[in-house]
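Protein chains in written order, with my numbering: chain A, 1 to 207; chain B, 208 to 372; chain C, 373 to 499.
Source of the hints: derived by calculation from the structure; they are not laboratory data. Keep in mind the model is a prediction, meaning the values are calculated, not measured. There may be inaccurate statements among the hints.
[Claimed, not checked] Take a look, some chain B residues computed to stay more than 10 Å from chain A by CB distance:
1) 213
2) 221
3) 223
4) 231
5) 286
6) 287
7) 289
8) 329
9) 330
10) 339
11) 344
12) 361
13) 369
14) 371
[To be verified] Now the stretches of chain A that chain C is said to cover, found in silico as 3 or more residues with beta-carbon under 8 Å:
15) 95-109
16) 131-143
17) 158-164
18) 173-183
Quick reminder that beta carbons are idealized off the backbone N, C-alpha and C, glycines included.
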Amino acid sequence: MNTLGEDRGRMLRTILAMGSEGASRALSRWLGMDVRLTLGEVELVDLATAAGALGPPESLVAACAMGLTGGLGGAMLLCFEDRDGLALADLLLRRPVGTATEWGEVERSAAMETANIVACAYLNALAAHLPTGEGAGLAPTPPTFLHEFAGCLIEFAVMGQAAELDRVLLAGTTFEVVGSGDLGWTLLFVPDAPALASLSAALGGPA
Amino acid sequence: MPNDPAAPEVTVAIGRWAVVAAPARVRTLLGSCVGVALHDRAARVGGLAHVVLPDSRGDLDQPGKYADTAIPALIADIERVIRGKASGRLVAKLAGGASMFATGAENPARNIGRLNQDAVEAILAALRIPILARDLGGEGGRNMTLDPATGKVWIRSPGGQGREI
Amino acid sequence: MKRLLIVDDALFMRRLIAGVAMEAGWEVAGEAADGARAVAMHAELRPDLTTMDLVMPVMGGLEALARIREADPDARVVVITAVDQKQSVLDAIRLGAVDFIVKPFDRDRVVSLLRKAAEREEPPTDG
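The following block holds chain A by itself, in its conformation from the complex (with noise of 0.2 Å):
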């Protein structure tokens, strides 16, 4: 599979916007702020086009990782510079932004349970418009909280379509407050080998 073919890129970007959506809904309600979002493109990409998908591959993003469980295997991903999910975390506790300058336990917290609820509500908007066999029990792991190279994160995630796949899809999506513009976080959907072509048939019938 090296592209989408147009009617299946185009389903499969209509319900990833879904669940776009339904994460910058929880975001809005969690943070008491009107959130909207950007979807970025959903292709098929070569690996080192896929590598810069954060930004520059060297620079250094702290992220919160999962898994998914249920029907579809994959990644999710939180990820930010320190700068922007230290405001998150100042947002949460109901601090003037600037006050954390660095991930305590309970900053590091703040940031594991957004990305815990953003994750939730995305699988939840998939699940309520995929098939019970993709969508049932269909969840994120526990986050883990974790400093890395962008490029490195990005190689990580990939990995379970890059075994079977030449070239690989990474759904991204972008927020921000309406009014105080971009929050620099980005939610990454990778889902996996198996996973991406289960969903391209549940939507459009075999590849």
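Please arrange chains B and C on chain A, whose structure you already have, making use of the hints.
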């Protein structure tokens, strides 16, 4: 890091390889992939392959992606640069092969790092290329740089100090 | 004062729920960060109510719910989770959960739920 910060540096993308002659250097970023640095001390030429998976199973479209095709391709390019046979002249240093962050017990991708290491070591043993140093495993990414002037390899971890192997 | 056991792997969420509980007049008897610890703490503390997350390391919330109800058929457990899917709601109810709250929750709704739960179980004062 090496003494000449202005020396040109070639970056190897995932699933690719590159060969350079001193004073240039070559580097790559590694997660569960394995970086294979081969060095010819006399010629001051070195190369780096970024191996994604252990076995090509006959797929010849992306030779740099698999251990069994990337290492021969890297050696062939070194031989082109040194204009001669590399046999008996090369030494290796390895880095990478980390485990993926925990994503559920059944995730087969989690063990790819280990499988990559085993494949690379077996291939180098068969080619009688000695492995002088290894910086393998763990759970974090690595930035790996080879300086063919000396054969030294620098490893940098996220947020950590660099180290030489 | 009614006693609450809070089960959630996220420290931040445990603090949030504890804040809501105290506002509703509950005492936080204990906190657990995984299902296995929750089962042990429930047996030890015998709380009036337990809030149970579903996605947790070591042991998930559904299994913990089943074990707690097996050991104590009168145990009252409210599931508080971000997994909002038909199957998980049905599983939780079948295993005996008394309520199912989706994160991110409305704070006032949880306060009123806890207040009602406290009132419902108060012994009659006029007899």
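Practice problem: Please count how many residues of the stretch 173-183 of chain A have a CB within 8 Å of a CB from chain C and say whether that reaches 3. | Solution: Since 0 is below three, the answer is violated.
Quiz item: Once the closest CB in chain A is found, is it more than 10 Å from residue 361 of chain B?
Solution: 13 Å, holds
Self-check item: chain C over the stretch 131-143 of chain A, status - at least 3 residues with CB closer than 8 Å
Solution: Since 8 is at least three, the answer is holds.
Quiz item: When you look at the beta carbon of residue 287 of chain B, is every beta carbon of chain A farther off than 10 Å?
Solution: 23 Å, holds
Self-check item: Interface exclusion of residue 329 of chain B relative to chain A, criterion Cβ beyond 10 Å
Solution: 19 Å, holds
Self-check item: Verdict on residue 339 of chain B as a residue remote from chain A, using beta-carbon distances over 10 Å
Solution: 24 Å, holds
Quiz item: How does the coverage statement for the stretch 158-164 of chain A fare against chain C, requiring three or more residues with Cβ below 8 Å from a Cβ of that chain?
Solution: violated (count 0)
Quiz prompt | Assertion that residue 289 of chain B lies outside the chain A interface [Cβ separation over 10 Å] | solution = About 27 Å separates residue 289 of chain B from the closest Cβ of chain A, which puts it past 10 Å; holds.
Exercise. Test the statement that residue 221 of chain B is away from the interface with chain A: the closest C-beta pair must be farther apart than 10 Å.
Key: Check fails; 4 Å does not lie beyond 10 Å.
Quiz prompt | Interface exclusion of residue 286 of chain B relative to chain A, criterion Cβ beyond 10 Å | solution = About 25 Å separates residue 286 of chain B from the closest Cβ of chain A, which puts it past 10 Å; holds.
Quiz item: Does the claim that residue 369 of chain B lies outside the interface with chain A hold up, using a Cβ gap greater than 10 Å?
Solution: 13 Å, holds
Exercise. Over 10 Å to the closest beta carbon of chain A is the bar; see if residue 213 of chain B clears it.
Key: 18 Å, holds
Comparing the model with each earlier hint shows violations of hints 2, 3, 17 and 18; every other hint is respected.
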